[in-house]
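Chemist: Residues per chain are reported as follows:
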Amino acid sequence: MRYVNVLLAFVTPFAVAPFGTASAADAAAASGYTVLRDDFAQLRADFNQAKGSVRLLFVVDPICPGCLRGMDDMNEDLLSQTRDPRLKTFVVHVPVIGAKAKDVMPAARLLENPQVRNYWNASGEFGRALARAVQLKNDKETVYAWDVWLLYGPDAEWTDTAIPQPELLMHQLWKLEGTKFPKLDSAAFAGEVHNRLQALPASTVTSG
Amino acid sequence: MAEKLKVLGAAGGAVGLGGFAAALGLCCSVPWAVALLGVSGAIAFARLAFLVPYALVGAAVFLGFGFWLAYRKPACADGACPPQPPRMLRGIIWSTAAVVVALGATGVCLRMAA
Chain A
1 MRYVNVLLAF
11 VTPFAVAPFG
21 TASAADAAAA
31 SGYTVLRDDF
41 AQLRADFNQA
51 KGSVRLLFVV
61 DPICPGCLRG
71 MDDMNEDLLS
81 QTRDPRLKTF
91 VVHVPVIGAK
101 AKDVMPAARL
111 LENPQVRNYW
121 NASGEFGRAL
131 ARAVQLKNDK
141 ETVYAWDVWL
151 LYGPDAEWTD
161 TAIPQPELLM
171 HQLWKLEGTK
181 FPKLDSAAFA
191 GEVHNRLQAL
201 PASTVTSG
Chain B
1 MAEKLKVLGA
11 AGGAVGLGGF
21 AAALGLCCSV
31 PWAVALLGVS
41 GAIAFARLAF
51 LVPYALVGAA
61 VFLGFGFWLA
71 YRKPACADGA
81 CPPQPPRMLR
91 GIIWSTAAVV
101 VALGATGVCL
111 RMAA
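Going line by line, the protein sequences match chains A and B.
If you count by this note's numbering, then the first sequence holds residues 1 to 208, one letter each, in order.
If you count by this note's numbering, then the second sequence holds residues 1 to 114, one letter each, in order.
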């Protein structure tokens, strides 16, 4: 399956090329991800639309091997194991070590779940905004939010002014070692997700 | 001759493990890891990142053994003392130590930066 995915990653750009008049956003949508502007309006709308479900927010660089390992673990321990429509996952890809838009889909294919939406924030502003919102700090400085894995309950709402506080935030950042934020443990994360799903009524969420 | 081979072996082991640590550090923080290894390859390499400290300890053990070989005083028997290890071996092991420290620092710094 992985080889097919890699092949698709090479073939897709050539398939899209003849329709060269499409905008970058159209091309992105056709490829399976959304270009996220710096007001994050699309993500906020999608997040709020899924209110009533358990929501996951992952922020990764799609060419960071550690992030990819985290995604692979999340897939193995959680997302490939469930098709529960009450679980929605939002993955924001940011260019911390030099990723480009073309890198998004090969990474996105690691998550084998129909309820996953991918976003590409080319400026990386989302990482700064999220770091401020969740106070992602060590004792010296605010730490840019990437390679972070957040869990939101069904009541969380993203207002105009602030990204909501997660119920759980895990990370794989050396700069956050020894802080209140736990290191990523995908099995424990999956356990927390399942606990929240069990507490949800069966029909709270429509697909979408 | 056997002494020289032992020192060279220890130096080679130290450089190899130091290089391994540096490669693991590089893998997880430079942009071309995925381009070079593919997504699956980069993930596999990232899963080995926990080996960095073990590789550095292994390199240090090899270096220590090399220094011991290069600087030890051979035991004298029946009033006859074998010659000291040649100075060249000490040069080799000091050069190796410099290379290993550079490689180890590279691996650790890049891993901490990631």
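Just so you know, the hints here were simulated from the structure itself, not pulled from any lab data.
It is possible that part of the hints are untrue.
[What the hints assert, rightly or not] One-sided excerpt, in silico: chain A residues whose CB lies under 8 Å from chain B:
id, residue
1, Arg69
2, Pro85
3, Gly98
4, Ala101
5, Glu167
6, Leu168
7, Leu169
8, Leu200
9, Ala202
[Said to hold, decoys possible] Each pair of labels, with its calculated beta carbon distance range:
id, chain 1, residue 1, chain 2, residue 2, range
10, A, Glu157, B, Ala44, 36 to 44 Å
11, A, Gln135, B, Tyr54, 32 to 40 Å
12, A, Lys137, B, Gly91, 42 to 50 Å
13, A, Pro201, B, Ala102, 56 to 64 Å
14, B, Phe50, A, Asn195, 48 to 56 Å
15, A, Asn138, B, Pro53, 20 to 28 Å
16, B, Val108, A, Glu125, 25 to 33 Å
17, B, Pro74, A, Lys137, 56 to 64 Å
Every residue gets a Cβ at the ideal spot worked out from N, C-alpha and C, and that includes glycine.
Chemist: So which of the earlier hints does this model not fit?
Modeler: Violated hints (numbers, rising): 2, 4, 5, 6, 7, 8, 9, 14; every other hint is consistent with the structure.
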